[in-house]
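Asker: Spelled out from the first residue to the last, the chains are:
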Amino acid sequence: MKLILSCSGGVVGSRIQAQLDTAELGAELARRAEAALQPEKLAQASSPENPLRTDVLEYDLTLLPEGEDTDFRHYRFSETSAAPEVLEVLDELMQEIIRLRARRR
Amino acid sequence: MGYAPRPMSYAHPRHCILPPHMIEAIRLRGDAGLRKMADGIEQDGQRFRAARCELMPPAATRRTQPVAARARIKPERKVYDAQQRRRLPGKLVRAEGDARSSDADVDRAYDGAGATFKLFLNVYQRHSLDGEGMPLVSSVHYGKSYNNAFWDGEQMVYGDGDGILFRSFTRSLSVIAHELSHGVVQFSGGLVYRDQSGALSESFADVFGVLTLQYRRKQAAHEADWLVGKGLLGPDVRGAALRSLKAPGTAYDDAVLGKDPQPFHMDDFVYTSSDNGGVHINSGIPNHAFYLLAQNLCGNAWERAGHIWYDTLQSIDNPHASFADWADRTLELARERFGAGSTEAIQTRRSWKLVGIAV
Ligand SMILES: [Zn+2]
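Chains as they are written, first to last, in my numbering: chain A, 1 to 105; chain B, 1 to 359.
Warning: the hint list may mix true and false statements.
To be verified - Cβ-Cβ distance ranges computed for the label pairs, FRET-style:
hint, chain 1, residue 1, chain 2, residue 2, range
1, B, M266, A, A27, 50 to 60 Å
2, A, M1, B, I73, 50 to 60 Å
3, B, H222, A, E34, 51 to 61 Å
4, A, T62, B, I73, 24 to 34 Å
5, B, L92, A, E68, 25 to 35 Å
6, A, Q38, B, A358, 46 to 56 Å
7, A, T70, B, H265, 22 to 32 Å
8, B, K259, A, K41, 33 to 43 Å
9, B, G258, A, E49, 18 to 28 Å
10, A, R104, B, G339, 40 to 50 Å
11, B, G114, A, T70, 26 to 36 Å
12, B, E96, A, T70, 47 to 57 Å
13, B, D267, A, E40, 43 to 53 Å
These aren't lab readings, by the way, just hints derived from the structure by calculation. Every residue gets a Cβ at the ideal spot worked out from N, C-alpha and C, and that includes glycine.
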């Protein structure tokens, strides 16, 4: 599964974006990412936002096409509208991105 | 002077179109039933034509009596452990009056909520976030390596940080007070969390975040560092804090985190669609205006400057306020409270001018 993940906002207000191929991650994380980042779960996350929340993280996720039958799928949602299992996988993916970049610092 | 919200009044659906800004105001300021109605209107895609309601404008906040005998008033704090899951609130680990726990994050969230409560009670006679003694609920250890803290409309939420970019978000009292101050904004009529009104919400939270810290340390304006989130950055991150009110744009400059993007002058206002229209970016402008006012007035920032800002939030009654609306109101209030030719009024006008806003 290839994807572009961007995480922005939060109390810090910064933005981190990267492209990932789950095949390059550990098999366990790749399996969980594929199970959690399913179109129906992500579509639910894009439901109307709670206007009272502040400093929440905003996610931009693009699932890249992998075969002739698939297309780009793009989702934009905040952490207060997504399911915990989706957020937990996104946290792990963000950590992979940060670790990688920090190593190159 | 203390204020608290009152329920909105509204009539049965009838003849007039509900514009998007009104829907947003209802979702921001209405009760649960009205919010549901507003969501329903949007979901149906009938924002501009089918919502035919005779609706009163969102209710203004109402003044409550100043809190009497405040020495007897105590906060009602509850701290939960989310146990590194992304589910709220988690397990209750410390309630009001309980002994210190063995968990530093739990105790910092508890103490930080208490320090913020004290500032608003002792200085502004406000009884908790809603002016009516609302319990202060916090969850710590939210998510795994979670790099954030937020206010969800009902409670504070703190992550542990990943140890690379950030350490635990409870380590900074200014961040704890920042999140609680978002609650004060919400219960004072609210500011729509987008563009300039959103940046004003962010700025109010930053200002009262640093004021809580200064009040606890009994630091005068010239003694303070004016940093939000000092001590949160990871060991190898180049920077001092999340933001600086004294020098917006200089808090960090790091290969992974990027550079602090805050401007301090309207000439450098950032137009962007991300971060809800740059709410954490352009807040640098009103942040710096407050810093200049406090610094030029000398003494304790939570006193004269703090009162002008606090009273502005209580009385502006405009969820879509722009920087200019806010600045105008600060000057009116400085004149009302201290006199038209007072140092406070003159310095208020000057501070806004220095960040590029003429009042
Ligand atoms: Zn904030």
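Asker: Using the beta carbons of T62 (chain A) and I73 (chain B), state whether their distance is inside 24 to 34 Å or not.
Answerer: 51 Å, violated
Asker: In this structure, is the beta-carbon distance linking G258 (chain B) and E49 (chain A) contained in 18 to 28 Å?
Answerer: This hint holds: roughly 25 Å between Cβ atoms.
Asker: Falls inside 22 to 32 Å, the C-beta gap from T70 (chain A) to H265 (chain B)?
Answerer: Given range 22 to 32 Å: violated, Cβ gap about 48 Å.
Asker: Do the beta carbons of L92 (chain B) and E68 (chain A) sit within 25 to 35 Å of each other?
Answerer: 53 Å, violated
Asker: Does the Cβ pair R104 (chain A), G339 (chain B) satisfy 40 to 50 Å?
Answerer: 59 Å, violated
Asker: Within 33 to 43 Å or not, the Cβ separation of K259 (chain B) and K41 (chain A)?
Answerer: 35 Å, holds
Asker: For the range 26 to 36 Å, tell me whether the beta carbons of G114 (chain B) and T70 (chain A) fit it or not.
Answerer: 53 Å, violated
Asker: Within 51 to 61 Å or not, the Cβ separation of H222 (chain B) and E34 (chain A)?
Answerer: 56 Å, holds
Asker: Could you see if the CB distance from D267 (chain B) to E40 (chain A) stays within 43 to 53 Å?
Answerer: Taking Cβ atoms as reference, D267 (chain B) and E40 (chain A) lie about 47 Å apart, which means the hint holds.
Asker: Does the beta carbon distance between Q38 (chain A) and A358 (chain B) stay inside 46 to 56 Å, or does it fall outside?
Answerer: 53 Å, holds
Asker: Should the hint that E96 (chain B) and T70 (chain A) are 47 to 57 Å apart at their CB atoms be regarded as holding?
Answerer: 54 Å, holds
Asker: That 50 to 60 Å hint for M266 (chain B) and A27 (chain A) (C-beta), does it hold up?
Answerer: 52 Å, holds
In terms of the numbered hints stated before, the structure departs from hints 4, 5, 7, 10 and 11, listed from lowest to highest.
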